[in-house]
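Participant: Input sequences plus hints: build the corresponding full structure.
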Amino acid sequence: MGMTLTQKILAKHAGRDAVAPGELILAKVDLALGNDVTSPIAIQAFRSLGATAVFDRERIALVPDHFAPNKDIKSAEQVKMMREFAKEFGIVNYFEVGRMGIEHVLLPDEGLVVPGDLVIGADSHTCTYGALCAFSTGVGSTDLAAAMFSGEVWLKVPETLRIVLSGRPAKWVEGKDVILHIIGEIGVDGALYKAMEYAGDGIAHLSMAWRFTMANMAIEAGAKNGIFPFDAATKAYADGRAKRKYEVVTADPDARYADEISVDLSALEPVVAFPHLPENTRPLSKVGNVPIDQVVVGSCTNGRIEDLRSAAAVIRGRKVHDGVRMLIFPATQEIFLQAMREGLMEAFVTAGAAFSTPTCGPCLGGHMGVLAKGERAISTTNRNFVGRMGHPESEVYLSNPAVAAASAVLGRIGGPDEL
Amino acid sequence: MSYSMELSGKAWKYGDDVDTDVIIPARYLNTSDPAELARHCMEDIDASFASKVTMGDFIVAGKNFGCGSSREHAPIAIKASGASAVIARSFARIFYRNAFNMGLPIFEAPDAVDEIEAGDRLAVDMERGSLRNETKGKEYRFTPIPPFMRELVAAGGLLNYIAKRKKGS
Chain A
72 MGMTLTQKIL AKHAGRDAVA PGELILAKVD LALGNDVTSP IAIQAFRSLG ATAVFDRERI
132 ALVPDHFAPN KDIKSAEQVK MMREFAKEFG IVNYFEVGRM GIEHVLLPDE GLVVPGDLVI
192 GADSHTCTYG ALCAFSTGVG STDLAAAMFS GEVWLKVPET LRIVLSGRPA KWVEGKDVIL
252 HIIGEIGVDG ALYKAMEYAG DGIAHLSMAW RFTMANMAIE AGAKNGIFPF DAATKAYADG
312 RAKRKYEVVT ADPDARYADE ISVDLSALEP VVAFPHLPEN TRPLSKVGNV PIDQVVVGSC
372 TNGRIEDLRS AAAVIRGRKV HDGVRMLIFP ATQEIFLQAM REGLMEAFVT AGAAFSTPTC
432 GPCLGGHMGV LAKGERAIST TNRNFVGRMG HPESEVYLSN PAVAAASAVL GRIGGPDEL
Chain B
4 MSYSMELSGK AWKYGDDVDT DVIIPARYLN TSDPAELARH CMEDIDASFA SKVTMGDFIV
64 AGKNFGCGSS REHAPIAIKA SGASAVIARS FARIFYRNAF NMGLPIFEAP DAVDEIEAGD
124 RLAVDMERGS LRNETKGKEY RFTPIPPFMR ELVAAGGLLN YIAKRKKGS
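Sequences listed follow chains A and B, in order. The first sequence begins at 72 in the working numbering and counts up by one. The second sequence begins at 4 in the working numbering and counts up by one.
Treat each hint with caution, since some may be false.
No farther apart than 16 Å at their CA atoms in a straight line, the calculated lysine to aspartate or glutamate pairs in the EDC-like style are these [as the list claims (entries may be wrong)]: (1) Lys13(B) to Glu154(B); (2) Lys444(A) to Asp47(B); (3) Lys444(A) to Asp364(A); (4) Lys357(A) to Glu340(A); (5) Lys242(A) to Glu256(A); (6) Lys158(A) to Glu129(A); (7) Lys227(A) to Glu154(B); (8) Lys242(A) to Glu377(A); (9) Lys83(A) to Glu318(A); (10) Lys145(A) to Asp36(B); (11) Lys145(A) to Asp47(B); (12) Lys13(B) to Glu130(B).
What the hints contain is simulated information worked out from the structure, not anything from laboratory work. Owing to the predicted nature of the structure, the values given are computational and were not obtained by experimental measurement.
Facilitator: Here is the structure:
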């Protein structure tokens, strides 16, 4: 029986010729990561084991990005705990403020995740690296502690939902719209416990940035992971970055899929997810009049240079609406610099937007753009749950960066073609 | 060992897709202190939960309970609130593994969930896999917990399981 991409990678890391859906395996991890919210609990758990060393100093990544730069004394204490742990155990990949970025953009960009890897992270959006044809999934802090100690993780081999993409997306339709459309179709538990494996000739029209966005939001459909096949774009991204050798994995032609859906990319228009679930999607043309108070462009979902270019192309030469605050978060220091070099930063600041150092900040209502009661935001982030960006009676609408930027100018949700 | 325990308490009923942002809002994630997290448990969906929940009570919910973030603060907050278990139609996968890794019992019992109302007195026998709604006088079976999960619990959680395995190899 043939295996899917996910089965192939899991089998290899479990030292097995084959694995089948439903099997519980103990697998070796290539990289384990934690952030300033999840690492402190993992560190306490790790210390409770009385361990004197981590399994591999180079295969753990600790990134303070959620409440960093520290938003208050408690956050400062959490990051301090990470920093001291990293020093004590010689963790090579600890990223300090000023050299850090949002973990799921930073780690692949730094070449710390490579195709064929098995990565776990104490952050639900760890599934992002599936864009690289790697298996990656979010776990909790206790799993991270165990992996830092043993280099292993227990996993249930998932069934796979195959998603066949065809056609070329229209102007202003981006990876974000494709994944929001899929979540709108299958629901926030439409891929519960499953792998989402992409296939079809439509993939050739998706940039790596868009693939990262799509893999990133697999968790928003309840999936264990999202994964793309390796192709020329993957190779171009990985070569020159990869800090380890990698082996290309392919799905078997006779792999068995639990289900299959198809998406014609050419039929999509930009998509907006209404409060309070990512599945509450509407095509942009059916949004109606939704005035907004805040616009956020950034996050592990849409904080890449391509995302900033897309928003900047819309905002350049225009002004942010009087009643709107627009906040831009390049996901890494490198992207910050690149945005500066390309004049994107100037386009945003001239338009009246704030341009920030990298942080997850407002995505989770942490800091740097928290909403008051009754306020409404459109955001390129990944979740629009109750209270996600601040007050429980505030609202978050999800969109791609071009729509977010156009909305900032309009003062209500709308697309670039309305400008 | 908690597995042979009989749990009993009253039901706190919620709907589908209860996410980790309402179980424990991110604004409180600058700490990992269980008592402090418990004070804000379920705050954005039910402001009365944390102050009124009594030891042994159950959270009963629809499908996809615990969706969203990987924060272990969610099962930690529920456990520290005094709730004894979560009963739902289904669970989001990271919440599912976190709950077992942490030692918070959770059960998938769709039929029972549909008929339980807020405030009903419930009794759960984890070993037999049965749930009794004492208020309504009805009994249900729930999906047995997979053997591997039993092993985790028997070892005293994931960390002890891994430590034992490492020692043995």
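Participant: Lys242(A) and Glu256(A): Cα distance at most 16 Å?
Facilitator: This hinted pair is violated, its Cα atoms lying about 22 Å apart.
Participant: With a cut-off of 16 Å on the C-alpha distance, tell me whether Lys444(A) and Asp47(B) pass.
Facilitator: Holds, because 12 Å separates the two Cα atoms, which is no more than 16 Å.
Participant: Sort out whether Glu130(B) lies within 16 Å of Lys13(B), counting only the CA atoms.
Facilitator: Answer violated: Lys13(B) to Glu130(B) is near 20 Å, above 16 Å.
Participant: Starting from Lys227(A), check that the Cα of Glu154(B) is at most 16 Å away, please.
Facilitator: 15 Å, holds
Participant: Verify the proposed pairing of Lys13(B) with Glu154(B), using a straight-line Cα cut of 16 Å.
Facilitator: Violated - the C-alpha atoms of Glu154(B) and Lys13(B) are around 29 Å apart, more than 16 Å.
Participant: Lys83(A) and Glu318(A) were given as a pair; does the straight-line alpha-carbon distance stay at or below 16 Å?
Facilitator: At roughly 11 Å apart (the allowed maximum being 16 Å), Glu318(A) and Lys83(A) satisfy the hint.
Participant: Between Lys242(A) and Glu377(A), is the straight-line Cα distance small enough, at 16 Å or below?
Facilitator: Measuring from Cα to Cα gives roughly 14 Å; hence the hint holds.
Participant: Just to be careful, I want the Cα atoms of Lys357(A) and Glu340(A) compared with a cutoff of 16 Å; is the pair within it?
Facilitator: Holds, at about 11 Å.
Participant: Under the criterion that the straight-line Cα-Cα distance not exceed 16 Å, is the pair Lys145(A), Asp47(B) satisfied?
Facilitator: Cα-Cα ~22 Å, so violated.
Participant: Is Lys158(A) close enough to Glu129(A), meaning Cα to Cα at most 16 Å?
Facilitator: Answer holds: Lys158(A) to Glu129(A) is near 13 Å, not above 16 Å.
Participant: Please work out if Lys145(A) and Asp36(B) have their alpha carbons no farther apart than 16 Å.
Facilitator: At roughly 11 Å apart (the allowed maximum being 16 Å), Asp36(B) and Lys145(A) satisfy the hint.
Participant: Does the alpha-carbon distance linking Lys444(A) and Asp364(A) stay inside the 16 Å limit?
Facilitator: Status holds; Cα separation ~11 Å.
Checked against the numbered hints above, the structure violates hints 1, 5, 11, 12; every other hint is satisfied.
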